[in-house]
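Participant: Chain by chain, the residues:
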Amino acid sequence: DGGITQSPKYLFRKEGQNVTLSCEQNLNHDAMYWYRQDPGQGLRLIYYSQIVNDFQKGDIAEGYSVSREKKESFPLTVTSAQKNPTAFYLCASSIGTGVLAKNIQYFGAGTRLSVL
Amino acid sequence: QQQVKQSPQSLIVQKGGISIINCAYENTAFDYFPWYQQFPGKGPALLIAIRPDVSEKKEGRFTISFNKSAKQFSLHIMDSQPGDSATYFCAAYISSGSARQLTFGSGTQLTVLP
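Quick note, the sequences are listed as chains A and B, same order.
Sequential numbering from 4 applies to the first sequence in our numbering.
Sequential numbering from 1151 applies to the second sequence in our numbering.
Honestly, the hints are just simulated from the structure, not real lab data.
Here a beta-carbon is modelled for each residue, glycine too, at the ideal position from N, C-alpha and C.
Mixed in with the good hints there might be a few duds.
As the list claims (entries may be wrong) - Below, in silico cross-link-like pairs of lysine-lysine (BS3-like), each with a Cα-Cα straight-line distance of 27 angstroms or less:
hint	chain 1	residue 1	chain 2	residue 2
1	B	K1192	A	K60
2	B	K1207	A	K86
3	B	K1165	B	K1192
Stated by the list, open to error - From the structure, some residues in chain B lie toward chain A, with a derived Cβ separation under 7 angstroms:
hint	residue
4	K1192
5	G1193
6	P1194
7	K1208
8	F1239
9	G1255
10	S1256
11	G1257
Given only the sequences and the hints, what does the whole structure look like? Please build it.
Facilitator: See the structure below:
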């Protein structure tokens, strides 16, 4: 899992509840990403961050929020506004996102979120 | 259009056989094409990647073939082993401003029979 730690491994959300998924990396990577994976589908980008205190929406940001207060950490909050949160959530990081940077993304082991 | 289309959805191969997974894209702005391998309950791991100015790249039993004019690329797994059973994703990078976006195919579930 290459220095990217996601926790918890399994998470259950009650109706109307916000939950936060943790992602920590010790690779000294500048860029971090959150993806959602549904069965039989590829990964879809939720949010990404190129540097501390900056982040951008991906393709499916609605119902999610993030923060990037430290280089090592990029937590994802699944809010009550996300009506279909059950999925496998993957965090990734890369050295940078610039065109000339080595920006291969490396993934954590994921968090499986289910709704009670 | 940032879509990457992957086929087949599932693939069953006998041990020792060749596994072939195909991907196609439309957007010529894609400029780097990795393949990821994912085991159940784990995150995807980079397997092999290729630039569009290279027609083939081989690493051990894994080979990417790239056809730029057809906008297609494929993963070949030679001498497939039961331990290769996993889900494989093709992907493509594109620059979006100063950022690099990664678009994934829908995945192929490979089963290698002993």
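Participant: It remains to establish, for every hint, whether it holds in the given structure.
Facilitator: Now for the hints, and whether the structure bears them out:
1. B:K1192 with A:K60: 24 angstroms, holds
2. B:K1207 with A:K86: With Cα atoms ~43 angstroms apart, K1207 (chain B) and K86 (chain A) exceed 27 angstroms; violated.
3. B:K1165 with B:K1192: 23 angstroms, holds
4. K1192: With Cβ-Cβ at 5 angstroms, under 7 angstroms, it holds.
5. G1193: 3 angstroms, holds
6. P1194: Holds, because the Cβ-Cβ distance from P1194 (chain B) to chain A comes to roughly 5 angstroms (cut-off 7 angstroms).
7. K1208: Cβ of K1208 (chain B) sits 18 angstroms from chain A, so the hint is violated.
8. F1239: 6 angstroms, holds
9. G1255: With Cβ-Cβ at 5 angstroms, under 7 angstroms, it holds.
10. S1256: 5 angstroms, holds
11. G1257: At 6 angstroms from the nearest chain A Cβ, G1257 (chain B) passes the 7 angstroms test, so the hint holds.
Hint violations for this structure: numbers 2 and 7, all remaining hints satisfied.
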